[in-house]
Amino acid sequence: KAGVTQTPRYLIKTRGQQVTLSCSPISGHRSVSWYQQTPGQGLQFLFEYFSETQRNKGNFPGRFSGRQFSNSRSEMNVSTLELGDSALYLCASSLEGSRGDTQYFGPGTRLTVL
Amino acid sequence: AQSVAQPEDQVNVAEGNPLTVKCTYSVSGNPYLFWYVQYPNRGLQFLLKYITGDNLVKGSYGFEAEFNKSQTSFHLKKPSALVSDSALYFCAVRDTGTGGGNKLTFGTGTQLKVEL
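Protein chains in written order, with my numbering: chain X, 1 to 114; chain A, 1001 to 1116.
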């Protein structure tokens, strides 16, 4: 079974631009979560989608948004990019998103904001 | 709110020796605990989890973890370290808030270096 895939793997943008990242979960998984990883803040939860609905949200500004499609694929969007948005963005999928479920992570998208 | 602490930024161990990577947690209610490993320029790879049951959890690649409720710890262990185990290790706890959801709170990570 194929793992979680994320595209693109690398992105370079300039301040003020917007960016869209894509995530395809493991087949059959309905929950998709997004995390931001930076050297200073570590791994931080952005949001989770289940059945096309945002079920949980971390403490990030409204510039960070996401959505999930009927096939469980998910996208996250960051508008008006800031230098501090440079990070590795990780997507994770799980079956139902229940507390005992394991989240499986993709390879991440490395975003650099210049 | 739940939290996870990994008190060591780096652990050095000789190949063939046992290794321990420490993790302590703070949650209200029953903890759901996870260990992940990250190799350079890669995503997180699941190693093992504790949900309920036996305090000793066995996982991938020969790793195991011991859940200790009284000490609120979930230390990762391996009897014999390999150079290829060198990586960044993260402990995580599942959010116990209402509404379900899938939020993991991660520790700051421990860099494991296994030397010949």
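Errors might be hidden in some of the hints.
Label pairs and their in silico Cβ distance ranges [stated by the list, open to error]:
| # | chain 1 | residue 1 | chain 2 | residue 2 | range |
| --- | --- | --- | --- | --- | --- |
| 1 | X | N59 | A | A1005 | 47 to 55 Å |
| 2 | X | G16 | A | K1077 | 45 to 53 Å |
| 3 | A | N1041 | X | L114 | 43 to 51 Å |
| 4 | A | L1082 | X | F60 | 33 to 41 Å |
| 5 | X | S51 | A | N1068 | 35 to 43 Å |
| 6 | A | L1082 | X | T5 | 26 to 34 Å |
| 7 | A | D1054 | X | S22 | 51 to 59 Å |
| 8 | A | E1008 | X | Q41 | 26 to 34 Å |
| 9 | A | N1041 | X | T102 | 30 to 38 Å |
| 10 | A | P1007 | X | F60 | 41 to 49 Å |
| 11 | A | A1005 | X | P61 | 21 to 29 Å |
Hints listed in this document are in silico derivations from the structure and should not be mistaken for laboratory results. Each residue gets a CB set at the ideal place from its N, CA and C atoms; glycine is no exception.
field: List of violated hint numbers, smallest to largest
entry: Going through the list in order, the structure violates hints 1, 3, 7, 8, 9, 10 and respects the others.
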